[in-house]
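Participant: Take the given structure of chain A and dock chain B to it, following the hints.
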Amino acid sequence: ETGVTQSPTHLIKTRGQQVTLRCSSQSGHNTVSWYQQALGQGPQFIFQYYREEENGRGNFPPRFSGLQFPNYSSELNVNALELDDSALYLCASSPDPILVNTEAFFGQGTRLTVV
Amino acid sequence: QKEVEQDPGPLSVPEGAIVSLNCTYSNSAFQYFMWYRQYSRKGPELLMYTYSSGNKEDGRFTAQVDKSSKYISLFIRDSQPSDSATYLCAMTAGGGADGLTFGKGTHLIIQP
Chain A
1 ETGVTQSPTH LIKTRGQQVT LRCSSQSGHN TVSWYQQALG QGPQFIFQYY
51 REEENGRGNF PPRFSGLQFP NYSSELNVNA LELDDSALYL CASSPDPILV
101 NTEAFFGQGT RLTVV
Chain B
1001 QKEVEQDPGP LSVPEGAIVS LNCTYSNSAF QYFMWYRQYS RKGPELLMYT
1051 YSSGNKEDGR FTAQVDKSSK YISLFIRDSQ PSDSATYLCA MTAGGGADGL
1101 TFGKGTHLII QP
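In order, the protein sequence lines correspond to chains A and B.
With my numbering applied, the first sequence covers 1 to 115.
With my numbering applied, the second sequence covers 1001 to 1112.
Excised from the complex, chain B in its bound form:
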């Protein structure tokens, strides 16, 4: 079993829909949780990060972490065609030197 599981998709939704992206993980030491967006042929771009359990909102994006279930989510409201990309969840125990553990990424397609 991989440390971080993420459905690779593709996930195709119509413009304006609410998108839900999820990851599960097995390492209970993880405390920092991040979502990255990666366009084709580009490096990952940090969207949001959350420490421990709880919710965090930034514009159209909401990140949720449930440490008891080892489950994290990213919600995108009013999805736009420009949101079409691969979304990667990443997490770390902290301390800096461990690096990030990424999921495989979910390929999201927003249909105009």
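Only chain A is shown next, with the shape it has when bound in the complex:
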């Protein structure tokens, strides 16, 4: 077990709705990244938070937003859901922003289905 937990595990939403996904990192891990993994694809980087500030972003529109809290938890918010947003959403935490990519521990993911 990585010590990174995500909730909920599964979610079904309707196109146009908004969704919030949650991640609880390991204690002491001050960096969290979010990824989208479509079926049959590798994960794609959405954004990264370090000490509650976004410090990196992939090629995702502004309707994907996030928050990181002092208690090592974080959220991914997606507005105006589209059918293509259906995917497994993964969060990854790291103890150090320099090691963020070489020591990233992933949660089990939230499977989002948009209908």
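FYI, nobody ran anything at the bench for these hints, they're computed from the structure.
Backbone N, C-alpha and C define an ideal beta-carbon position, used for all residues, glycine too.
Once the Cα atoms are required to be at most 27 Å apart in a straight line, the calculated DSSO-like pairs of lysine-lysine come out as:
| id | chain 1 | residue 1 | chain 2 | residue 2 |
| --- | --- | --- | --- | --- |
| 1 | B | Lys-1104 | A | Lys-13 |
| 2 | B | Lys-1042 | B | Lys-1002 |
| 3 | B | Lys-1056 | B | Lys-1104 |
| 4 | B | Lys-1042 | B | Lys-1056 |
| 5 | A | Lys-13 | B | Lys-1042 |
| 6 | B | Lys-1002 | B | Lys-1070 |
Chain B regions said to be covered by chain A (calculated; three or more residues, Cβ under 8 Å):
| id | region |
| --- | --- |
| 7 | 1040 to 1046 |
| 8 | 1100 to 1111 |
Facilitator: Just chain B now, with coordinates in the frame of chain A:
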């Protein structure tokens, strides 16, 4: 052309065989190379990471990076049915804020 290319498989081999998994990439700025294993309905699990070119060994696993050819490999010796999973290569230029760029993953099946 995608930044990272990886054959999705499936790759099916008998138990005990040596498995070779590979990725090619186009971005010469990549310096950190990782291999993740992902079981069905689970998040990716880091197996190994390598900085720049060279080899790294950990038990039954060996990772190789050839930056001149933009080619990375993962070898699994004495493969076991429990190694059946999807193997994802990932890489980054470093600096932290770029995130990881993943391949599609190779679905590996080890036949008992």
